[in-house]
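Q: Take a look at the letters that make up each chain.
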Amino acid sequence: GQQVMQIPQYQHVQEGEDFTTYCNSSTTLSNIQWYKQRPGGHPVFLIQLVKSGEVKKQKRLTFQFGEAKKNSSLHITATQTTDVGTYFCAHNAGGTSYGKLTFGQGTILTVHP
Amino acid sequence: KAGVTQTPRYLIKTRGQQVTLSCSPISGHRSVSWYQQTPGQGLQFLFEYFSETQRNKGNFPGRFSGRQFSNSRSEMNVSTLELGDSALYLCASSLVYRVSNEQFFGPGTRLTVL
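Here the protein sequences line up with chains A and B, keeping their order. Residues in the first sequence are numbered consecutively from 1, following my numbering. Residues in the second sequence are numbered consecutively from 1, following my numbering.
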């Protein structure tokens, strides 16, 4: 399947600083999803992007899908300790493969109070 | 609605044994997917079941198998366990007809192979 590279692998920030994680593919993606996994927890869906150049916001979180649909980013403004966790991008090939998600390696976010 | 449930939550087995994990999806969800999560390989897709049929399969050996029942509950089986099978096994369910086909994950089964 289409691989997605996610960077950085780790990010340590002070509370109040911003945070960004990037997801890149060498091929065009039909969609991109973002999940958050708290330490000891399970992935929780955050959002799905499907349109070229799409930007969606959820409070302090901003999600973007690139114009060429080969990259995506998640930006968190003014991080809080509750933002701690691993953020994954993922995609499926659509059609009958929508139940098969290919995940990026994840970015582990640590927020120091 | 109740979330996705998985049983057991923790399991310890020895090499060579087999194990069966169970997943109950959210009511009304007919698609159930299984993933293996390890520190080294991350989250990897195992297989997906829809209406009792395996619809998609990941790159795992034949020792990994699964099935889905008419009530959408699913089980996965790993035979002849190896040390490398130690992982968090996650089940996820989703609605078929939805624009945003997010997957809802269960808490996982932590399998340790000794």
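Derived by calculation from the structure, the hints in this document are not laboratory data. Be aware that one or more of the hints could be misleading.
[Stated by the list, open to error] Mimicking DSSO-like on lysine-lysine, the simulated pairs with C-alpha atoms at most 30 Å apart in a straight line are:
id, chain 1, residue 1, chain 2, residue 2
1, B, K1, A, K36
2, B, K13, A, K57
3, B, K1, A, K59
4, A, K57, B, K57
5, A, K56, B, K13
[To be verified] For the chain A half of the interface with chain B, some residues (derived, Cβ under 10 Å), not all of them:
id, residue
6, H12
7, Y22
8, Y35
9, Q37
10, F45
11, T77
12, T81
13, S97
14, Y98
We treat Cβ as the ideally placed atom computed from N, Cα and C, and that holds for glycine.
Q: Decide, hint by hint, whether the structure agrees.
A: Right, here's what the structure says about each hint:
{"no.": "1", "hint": "K1(B) <-> K36(A)", "in the structure": "holds, 21 Å"}
{"no.": "2", "hint": "K13(B) <-> K57(A)", "in the structure": "violated, 44 Å"}
{"no.": "3", "hint": "K1(B) <-> K59(A)", "in the structure": "holds, 25 Å"}
{"no.": "4", "hint": "K57(A) <-> K57(B)", "in the structure": "violated, 33 Å"}
{"no.": "5", "hint": "K56(A) <-> K13(B)", "in the structure": "violated, 45 Å"}
{"no.": "6", "hint": "H12", "in the structure": "violated, 18 Å"}
{"no.": "7", "hint": "Y22", "in the structure": "violated, 16 Å"}
{"no.": "8", "hint": "Y35", "in the structure": "holds, 8 Å"}
{"no.": "9", "hint": "Q37", "in the structure": "holds, 9 Å"}
{"no.": "10", "hint": "F45", "in the structure": "holds, 4 Å"}
{"no.": "11", "hint": "T77", "in the structure": "violated, 23 Å"}
{"no.": "12", "hint": "T81", "in the structure": "violated, 22 Å"}
{"no.": "13", "hint": "S97", "in the structure": "holds, 6 Å"}
{"no.": "14", "hint": "Y98", "in the structure": "holds, 5 Å"}
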